[in-house]
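Q: First to last, the sequence lines map onto chains A, B and C. The first sequence maps to residues -11 to 241 in our numbering. The second sequence maps to residues 45 to 434 in our numbering. The third sequence maps to residues 6 to 309 in our numbering.
Since the hints were made in silico from the structure, they are not lab data. You may find that some hints are simply not true.
Unchecked claim - Partner residues are not named here, just some residues of chain C that face chain B (Cβ under 10 Å, in silico):
| no. | residue |
| --- | --- |
| 1 | Thr69 |
| 2 | Arg225 |
| 3 | Gly232 |
| 4 | His235 |
| 5 | Gly240 |
| 6 | Gln241 |
| 7 | Gly243 |
| 8 | Lys244 |
| 9 | Ser257 |
| 10 | Ile260 |
| 11 | Leu263 |
| 12 | Arg267 |
| 13 | Pro279 |
| 14 | Gly285 |
What the hints assert, rightly or not - Here are the simulated distance ranges between beta carbons:
| no. | chain 1 | residue 1 | chain 2 | residue 2 | range |
| --- | --- | --- | --- | --- | --- |
| 15 | B | Arg337 | A | Ser136 | 54 to 60 Å |
| 16 | B | Ser324 | C | Ala304 | 39 to 45 Å |
| 17 | B | Gln317 | A | Arg11 | 37 to 43 Å |
| 18 | B | Gly275 | A | Ser18 | 34 to 40 Å |
Computed from a predicted model, the values in this text were never measured in an experiment. The beta-carbon is built from N, C-alpha and C at its ideal position, and this holds for glycine as well.
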Amino acid sequence: MTIAVLLKQVPDTTAKITVSNGRVDENAVSKWSFSPYDEYALEAALQLKESMGGELVAITAGPARCEKLLRDAAAVGADNLVHISAENINDFDSTQMQKLLAAAVEKSGSSVVFCGKQAADTNSGSTGPGVAELIGASCITMVSEVISDSGGYLATRPSSSGHEKVAVSAPCVFAFDKGVVEMRRPNVRGIMMAKKKPIETWSIEELGLDLGTSGISIDSHSPPAEKPPGQKFEGADSVSTVVGKLRDEANVI
Amino acid sequence: MPYEALDFYDVDSLLTEEERMVRDMVRDFVDQDVIPNIEHACREGVFPDEWRVTLGEMGVLGAPLEGYGCPGLSYTAYGVICRELERGDSGLRSFASVQGSLAMYPIWDFGSEEQKQNYLPKMASGEWIGCFGLTEPDYGSNPGDMITKAEDMGDHYLLNGAKMWITNGTIAQLAVVWAKLDGVIRGFIVEKDDPGFSAPEMKGKHSLKASVTSELVFQDCKIPKDRILPGVKGLRGPFSCLNNARYGISWGAVGAAQACFDSAKEYSLSRIQFTHPIASYQLVQNKLAWMLREITKAQLLAYHLGQKKDAGTWIPEHISLAKMNNVDIALEIAREARDIHGANGILDEYCIMRHMANLESVKTYEGTHDIHNLIIGRHITGIQSFTREL
Amino acid sequence: MQCTVIAETVGDSLHPITSQLIGAASSLGASPIVVVPGGIGSEEAASIDGVSKVVSVVGDCFSTFDGGAWATALSPQCNGVIITGATSNGREVAARIAAKRGVPIIQDVTGLSDGITITRPIYSGKAVETTTVSGDCVITLRANAFDSAGSGGSAAVNVVDQSVDVSIAVKEAINKATERLDVSEADIIISGGRGIGQKENFSHLEEVADIIGAAVGASRAVVDEWGMPHSMQVGQTGKTVTPSLYIAVGISGAIQHLAGMRSSKYIVAINKDPEAPIFGVADYGIVATWEDAVPALKAALSSL
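I would like the entire structure built from these sequences, with the hints used as guidance.
A: Structure, rendered in structure tokens:
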């Protein structure tokens, strides 16, 4: 059995994001990392593989810098590495990315797909369900744990009363929220093996795709609106005012 | 704020991808496991055993050694490991230096095939801890006059004497002990339970508090004949170990300096006096600029020395220069950083005072600052000035 | 412009976000069709201003959440610009429908204007993206970012029975874990300091935390002096946290504490001393005793 893990390289969540000429400036990013939810997905996929055997293929789509991500995945146990590469890959919209990833999942022969619930850059959450739709798979999102169970899988996801375990069978996609286990740290042995592992590069042509044109055009990126200067209120009567501002201005509750 | 390693000249871009992955692995360990727990470990005066386990799991012990379960990384990678560990604490780096360079290395280089197979795999995994007995209460910079002696009793050796300032001594399963056999310095492997051997811990240190420092005492200590290291005689044995450990220290000190710089920078940007962050004042900027300058030079020194180690084009004097310089500037940077932190700099809320106190030891151990100067002086002039007997 | 809103439900009624979705659709000049999954709250939907028609989609598949099955059941009733809430279920159904129909999708939108021009936060709010989408598309809207539509409408309700296979089966319900979030992973933190008087008073902060799903933190002073767990400590030697909202109660704001929380997105400070340094980093400062302010906070949050 082959398990695919979809991984995205994003600016580290602690890194500063700067905008220049109307676009987020990638050259100014001090550190690139796994998108955090992808790390949980990778760890859960490794554990599933260890419990039932099979191979784990790590798939990423993006510019050349993403190969580092695949090496890091190999260092913790990914068996095969796939880099989907295209010249203008940063300009693809979500729909086009889903087509690329779905085609790569199919080419890899994977019947189970792990990914993060959303990427830390676009914050969208379309990839998991979108890829599931394109490959005709079931999808469970907000997953924290997956185990194999009587020929299928049991996934834990939130419910209105807490959590629930849901059964699903392949083909299926698990889109991870924060999982129960942090991604393992690699070791020197893993790192040295990762160095030798080949990275397969698949182009759009090799995947046999026509991505069409995007229906979305990005007009600009801009820095977030400056927060207003701190406001100070007198007395406990102001608490309800502040709570209202937290909801309507700050949008944090 | 998360740690952003100062690397002004982007020296780490010269590392191989593998070396950078090792760096990130160790850095993650230090961030996740070491820094949140180091102050507690120092207060308690213990070396947390979990760190031994994790160092073994990561596979960084005896990093540049090959075979027998050892990783076989480059010396540059070993340096990077030391730097990242010492960013956490010099005591942690000391643990790894002693295990890899002082205990595993002599067995790997001078041991018999049986000794290598017996000891190295379990030392690489962290299952066994090693220590290194050279310095004695009365013989530090002058180890050639050591008193500890071994006698050949036919079917065993008998050791008598005492060693002092031994990192890991009390927690070690084995000690590589240097003693005179018929007047010639030889290496012996002493195991924890050998009769006549004890390793009491030295208490009351104001430095390297999260590291175990011990005496090794041999009172008619009886060890089997197959525990002598067959491959070396004389001071060359311990000195080749020390070369590797000192090399690691030259990188390690950079890590401690980076930690102090990082803290001083953050603090100066957030500490407001006279209505402005103190980072906006010229005297503070001058200090920060000086720190950056010295760290950058130290990084280049360490990296280039690493390349020479890997290429085999080094001489011991190269290592002396880097150890001496990098520890020296790290200690000065810690002191300047303490100054920038004001009174807060003495609290264990900040890493500064701990690094400063640690570096006082690091300046002295593995060849004191002055001895390294004399080694370089001898190299320049051809005249040794250690003793008066010219 | 043709527009469809997929209603969001909670329990056996509409989720309040539904009228915000309808309000947003109206602001684009559309009279949306509202598609109601499982038919829950259809009558309520019909009474919201600006709705042209309600399609109540009923069927067995709505008893379990399976985004794929829901999308299959709902998609045939949708047309034009499709709008859902950017909730976890809403995002999943939206992504499925967009992929099924081969149309663009834009998630977690906070601003809409004619064109359609869309703004949304990216990089967790560290930047804002403005995009233009033409033709049919799927858009999910962030809760509380749009004004709700009023009530008073009387749209017709059509009921459609749609039977779709569900591929997911709930095997076991696990009741809400009672353990509290750790400060290092919580999106909202409420922390107490020496100003709240004694250890026992943390129970009041815990009550607030329960209402909004927050973690409870503490300053070093109270961790050391009152023996609170070290895991709660925020600051230089404790955890460095970056939640969306940090509420500091009775914390003066020593530089070591600020080092651990100043990168929080929004900071609320409650302190009786108007000169406390914590007000220097607060977005919203409330000069009041905790005894007065914390009950008021509890009441205000409960009524949200």
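Q: All hints, please: hold or fail.
A: Status of the hints after comparison with the structure:
no. : hint                             : result
1   : Thr69                            : 38 Å, violated
2   : Arg225                           : 7 Å, holds
3   : Gly232                           : 15 Å, violated
4   : His235                           : 8 Å, holds
5   : Gly240                           : 8 Å, holds
6   : Gln241                           : 4 Å, holds
7   : Gly243                           : 9 Å, holds
8   : Lys244                           : 8 Å, holds
9   : Ser257                           : 15 Å, violated
10  : Ile260                           : 6 Å, holds
11  : Leu263                           : 7 Å, holds
12  : Arg267                           : 7 Å, holds
13  : Pro279                           : 18 Å, violated
14  : Gly285                           : 8 Å, holds
15  : B/Arg337 to A/Ser136: 54 to 60 Å : 57 Å, holds
16  : B/Ser324 to C/Ala304: 39 to 45 Å : 44 Å, holds
17  : B/Gln317 to A/Arg11: 37 to 43 Å  : 39 Å, holds
18  : B/Gly275 to A/Ser18: 34 to 40 Å  : 47 Å, violated
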